[in-house]
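Start counting the sequence shown at 1; every next residue gets the next number (my numbering).
Take the hints with a grain of salt, since some may be wrong.
[Stated by the list, open to error] In silico EDC-like links for lysine to aspartate or glutamate, alpha-carbon gap of 20 Å or less:
(1) Lys221 <-> Glu78
(2) Lys217 <-> Asp75
(3) Lys302 <-> Glu4
(4) Lys424 <-> Asp297
(5) Lys205 <-> Glu218
(6) Lys425 <-> Asp297
(7) Lys328 <-> Asp342
(8) Lys425 <-> Glu299
(9) Lys217 <-> Asp234
(10) Lys153 <-> Glu4
[Stated by the list, open to error] What follows is a set of in silico ranges between Cβ atoms, one per label pair, in the way DEER data are often shown:
(11) Pro103 <-> Leu222: 21 to 31 Å
(12) Glu213 <-> Pro103: 33 to 43 Å
(13) Gly257 <-> Lys109: 16 to 26 Å
(14) Trp157 <-> Trp332: 24 to 34 Å
(15) Ile104 <-> Ile164: 21 to 31 Å
(16) Phe420 <-> Ala317: 10 to 20 Å
(17) Ile160 <-> Glu209: 22 to 32 Å
(18) Gly257 <-> Ala77: 53 to 63 Å
(19) Gly257 <-> Lys328: 17 to 27 Å
(20) Arg7 <-> Ala77: 45 to 55 Å
(21) Arg3 <-> Ala317: 18 to 28 Å
(22) Arg3 <-> Arg396: 45 to 55 Å
It is worth saying that the hints were derived from the structure and are not from the lab. Computed from a predicted structure; not experimentally measured. C-beta: ideal position from N, C-alpha, C; glycine also.
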Amino acid sequence: MNREILRLALPSIITNITVPLLGMVDVAIVGHIGNASYIAAIALATMVFNLIYWGFGFLRAGTSGLTAQAYGAEDRAEYLNVLVRGMAIALIVAVCLILLQWPIGLLCKRFIHSSQESIELMLTYFYIRIWAAPATLGLYVVKGWFIGMQDAKTPMWIAILLNIVNIICSLIFVFAFHAGIAGVAWGTVIAQYSGIAMATFMWFKHYGELRYEIHIKESLKLNEMVRFFKVNSDIFLRSICLIAVFTFIPYISANMGDNILAANTLLMQLFTLLSYIMDGFAYAGESLVGRFIGARDSEHLKESVRKLLLWGVGLAAAFTVIYATCGKWLLWILTNDKQVIDTAMGYILWTVLVPFTGFAAFIYDGIYIGATASAAMRNTMFISTSAFFVFYLILRGPLGNDGLWIAFLIFLTLRGLVMFLMQKKQVFSR
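Generate the whole structure from the sequences, applying the supplied hints.
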């Protein structure tokens, strides 16, 4: 089982690690061409796109779980239908986002509180990157489908190409053409469309013979689309809670000044690095749990859950050591602004505590997605999100930014704990 977990997890880790590394590269580029306002602008732009895209995380997560169960049940027609439905929804949503970009930009300008320079830089980035929406959302669906098909290598190669293109284009636009933050945005747009082009090529290469079995009209029947939305509505609501937490952190940080916002942005980059590596094992959980439930193989189901959690403990221990001993060095990689680094080091303790408070939440996310236990995921997120805001309101007065981080750690801990307590009913009884 460990070999099977690693077969799926390692390519997913490579796939996922490119995402925070790319974010770090963006932060590092702007951190060396301007002041804290540039880092703050990237943080605000990331917040906005998280707000936009995370709500549609079900395009990946829902596709993965449904595909894995259809794969385990050897229902070829169903896993092709899931792909078609996901891509149709992704395209519709992307077109709507592009059409609504100016109202969204005006709302951002109205409700985000930061320096005028940071907001203007953020909007420059936003109005360019939004044109990547069709490719970005399409990649969500394709990635989830490949994972559900027990194929973790194809998303890995797509991600590697996408991120190489992104880094190269951003560096060229910024340092050769002096395009500033707009160059970083154009690098992302070009990379996203390169990624969806490669995904299409890889699908035809590995699964091209299945194209004759795709029946678009059958896949897009109203009753089937309604069922698809019902299955994914819980994941959507869960994603809204994640958006609330991860949008609130930079939002409230901006009210504390650009230095606190920049410092929290750097520390959240370290958290994101952890999360995407943990998610590699979560994605393995989606594939294996979905497959074993579809095949009604309870023995391997229980073994896979147990060993996934053991891998989570090992990773948590490793990251705790890394953050405790190399935290300041990692921050220097991201920026050469000494004032921002000194501010961030004042809160590094909370980053050191993140791995052990959060590993169970990451692993159980994958397990529950594979089991399509979406209602339980939704309820768990409701509980932990409520706790986050309650504890922040209690602690913000006496502790300030420390209170924000303590509330965040409580949020992570509760997610993992509640899902652990519910696993017998939500996973093993299916």
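These are the hints, each one checked on the structure:
The straight-line distance between the Cα atoms of lysine 221 and glutamate 78 is roughly 13 Å, inside the 20 Å bound, and the hint therefore holds. For the hint pairing lysine 217 with aspartate 75, the CA-to-CA distance comes to about 18 Å; that is within 20 Å, so the pair holds. The straight-line distance between the Cα atoms of lysine 302 and glutamate 4 is roughly 14 Å, inside the 20 Å bound, and the hint therefore holds. A threshold of 20 Å between alpha carbons decides the hint, and for lysine 424 with aspartate 297 the separation of about 15 Å falls inside it, so the pair holds.
This hinted pair does not check out: lysine 205 and glutamate 218 have alpha carbons roughly 24 Å apart, beyond 20 Å. Distance restraint check for lysine 425 and aspartate 297: the Cα-Cα separation of roughly 16 Å lies within the 20 Å cut-off, and the hinted pair is therefore satisfied. Our distance criterion of 20 Å between C-alpha atoms is met by lysine 328 and aspartate 342, whose separation comes to about 9 Å. With a C-alpha separation of about 16 Å, the suggested pair lysine 425 and glutamate 299 falls inside the 20 Å cut-off, and the hint holds.
The hinted pair formed by lysine 217 and aspartate 234 fails the criterion: a straight-line CA distance of about 26 Å is larger than 20 Å. Proposed proximity of lysine 153 and glutamate 4 is supported: the alpha carbons are some 13 Å apart, at most 20 Å. A hinted range of 21 to 31 Å holds for the C-beta pair proline 103 and leucine 222, which are about 29 Å apart. Glutamate 213 and proline 103 have their C-beta atoms about 41 Å apart, which keeps the hinted 33 to 43 Å range intact.
Look at glycine 257 against lysine 109: about 19 Å separates their beta carbons, and that is inside 16 to 26 Å. Range check, tryptophan 157 to tryptophan 332: Cβ separation about 32 Å, and the 24 to 34 Å hint holds. The supplied range of 21 to 31 Å is met by isoleucine 104 and isoleucine 164, whose beta-carbon atoms lie about 30 Å from each other. Look at phenylalanine 420 against alanine 317: about 18 Å separates their beta carbons, and that is inside 10 to 20 Å.
Roughly 26 Å separates the CB atoms of isoleucine 160 and glutamate 209, a value that falls within the hinted 22 to 32 Å. Checked against the given bound of 53 to 63 Å, the beta carbons of glycine 257 and alanine 77, roughly 56 Å apart, stay inside it. For the pair glycine 257 and lysine 328, the beta carbons lie near 21 Å from each other, so the given range of 17 to 27 Å is met. Our hint of 45 to 55 Å for arginine 7 and alanine 77 is violated, since their Cβ atoms are close to 27 Å apart.
In this structure, arginine 3 and alanine 317 meet the distance hint of 18 to 28 Å, their C-beta atoms being roughly 22 Å apart. For arginine 3 paired with arginine 396, a C-beta distance near 47 Å keeps the hint of 45 to 55 Å intact.
Checked against the numbered hints given earlier, this structure breaks hints 5, 9, 20; the rest are met.
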